[in-house]
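S.K.: Chain by chain, the residues:
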Amino acid sequence: MKIKSNSPSSDEVGFRFLWDSERSYVAAAIEISGITKRFGEFEALRGVDLRIEQGEFFALLGPNGAGKSTLINLLAGLLQPTSGSIRIMGHDVQTDYQRARSALGVVPQELVFDPFFNVREMLRFQAGYFGRGPENDAWVDEVIEGLGLTDKAHTNMRKLSGGMKRRALIAQALAHKPPVIVLDEPTAGVDVELRQMLWAFIQKLNQQGHTIILTTHYLEEAETLCERVAMMKQGKIVALDTTRALLKSHAAKQLSLRLAGALPTQLQSLLKQQNGDEVVLALSELSQVEMVLSVLREANVAIQDMQLQEADLEDVFLNLVGNQKGVQA
Amino acid sequence: MKWLNPFFWLDDKISPRWRGVYTLFKKELLRFWRVAFQTIASPILTALLYLLIFSHVLESHVKVYDQVSYTAFLVPGLMMMSLLQNAFANSSSSLIQSKVMGNIVFLLLTPINTLEFFAAFLAASMIRGLLVGLSIYLVALCFVSVPTVYPGWIFAFALLGSALLGTFGIIAGIWADKFDQMAAFQNFVIMPLTFLSGVFYSIHSLPPFWQAVSQLNPFFYMIDGFRYGFFGHGDVSPWLSLAVVGSFLLALAWLCLKMLKSGYKLRS
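Chains A and W, in that order, are what the protein sequence lines are. To convert, take the position in the first sequence, counting from 1, and add 138; that gives the numbering used here. To convert, take the position in the second sequence, counting from 1, and add 12; that gives the numbering used here.
Hints listed in this document are in silico derivations from the structure and should not be mistaken for laboratory results. Check before you lean on any hint, since a few could be wrong.
[Stated by the list, open to error] Listed next, with one range per pair, are the computed distances between beta-carbon atoms:
#1 W/Arg46 - A/Ser223: 39 to 45 Å
#2 W/Gly275 - A/Ser425: 55 to 61 Å
#3 A/Leu456 - W/Thr126: 43 to 49 Å
[What the hints assert, rightly or not] Derived pair list, reagent style DSSO-like, types lysine-lysine, alpha-carbon separation capped at 30 Å:
#4 A/Lys410 - A/Lys391
#5 A/Lys297 - W/Lys111
#6 A/Lys391 - A/Lys374
#7 A/Lys410 - A/Lys386
#8 W/Lys14 - A/Lys297
#9 W/Lys277 - A/Lys371
#10 A/Lys303 - W/Lys277
#11 A/Lys303 - W/Lys190
#12 A/Lys374 - A/Lys386
#13 W/Lys111 - W/Lys190
#14 W/Lys111 - A/Lys303
#15 W/Lys190 - A/Lys297
#16 W/Lys277 - A/Lys374
Using N, Cα and C, we set each Cβ at its ideal position, and we do this for glycine too.
Same shape as in the complex, but just chain A (with noise of 0.2 Å):
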């Protein structure tokens, strides 16, 4: 295996890798090896391992306290691990931190903003900060017409409603066109427009060989958006698979009945809850349905209505992570 070396002053930093001709060796987008992070006595992360490729839009979830931000903030070198080591786009985030970080563009949870600049200048600051000059302009100007801020590129940070400032925000982290771009809950608070919008100037970045990873509230995002999903619980990794397959191995189909009759023995273990003659059964595989049905006529039981429901995201997360109340991802 033969690691080509790189230098971070192509204007396609990160995507060296990607695009080696040789196609010896492809760097991943991230890759965490046995990560440890500890504040006193608490254990904020307990060994994580974690490899996501170029290219992926890939979601991280959990519920609060998980220790996603404590993994966010590793990755960006706003903390230093206890142990074990993090890689961007093959650059270790201590020992190669220019480089590292240089591929890397976050987006914070909290609204922070500088109350000096307008938004192009800011853009372009952040930009600078990475190496990037005049020629970043015309990037500048793609980021902020693709996140509606055409209107307000002018206009001082301080004045933006909550709303576009978190637009603001988000164009910050991509000010400098990095290939791995993290989404720390970027729809947190934000109307069904900025969503859309967001996710479709995401999506495009992401079409065009950027790497995403995303954690968000709003599990049905994930859903759509991710080919592969990390469940996070305690500082740990409980789940690492791709949507479909966690879908499917994690989440069983619902089968909603209302019954004219009580619901036979045989189908007690299926039984997920009860309302009054209304029944949910909880199926592993649809296969299933014909079983159920057929144990229903051989009882003698009439079905009044019926309704097979897909399992989503949200089952397999409170499967994993157990049903706290206030769950979040």
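Starting from the known structure of chain A, fit chain W onto it as the hints suggest.
M.R.: Just chain W now, with coordinates in the frame of chain A:
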């Protein structure tokens, strides 16, 4: 008129290698320039009020050096005092604001290294300090004639003083978590050290004990060396002042870089 803007000429010419530090420096300059009324005009006015009031009240009562009027004596002291305070205020206020507002994260996510971070904040602080000091001098010339016997010493101490307080400001900005901690730093450390450094008097007019105490104050050497450049007279040798100020600057710069490199209070 955009050709009057130095950045208009520089923006295209900076190589990608130096663009990070250049951008941070430019942002820090624009940050204080956007509020120049507060950051430049206000300290000039304050210094001029000191000059008018103290010179009016004390001109005929205080004797400092031969051939030097008290009003003229005051000018370098006030210049240096304002230069030091503004160099400190620039880096410290920028950092504490960014920390409290949370937008420092945008800087911490970048590949800008420790030395570049330090250099950009320091250079912007020095420029603000020097700009305020120079402005006070130019305005003071309208009221009093102030000689410049050794311009080299004036320039050296202006640079060293602004660098020392700019560095001090970065340290304070990193250390403080709240605005009141920063205010305490400014009011209980910077202000007393400045006022007790000989801005308004020559330490030879103090009793021996307080003369000795004054000589423990590094700010005294900055002001005395700076004043030596104007009048060719000082309370101590300018070489001693240069050695003291230079040593303090090196020590503080070392501490500051160490704090930045370790991520103290910035990265945990």
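S.K.: Hint by hint, which ones does the structure fall short of?
M.R.: none
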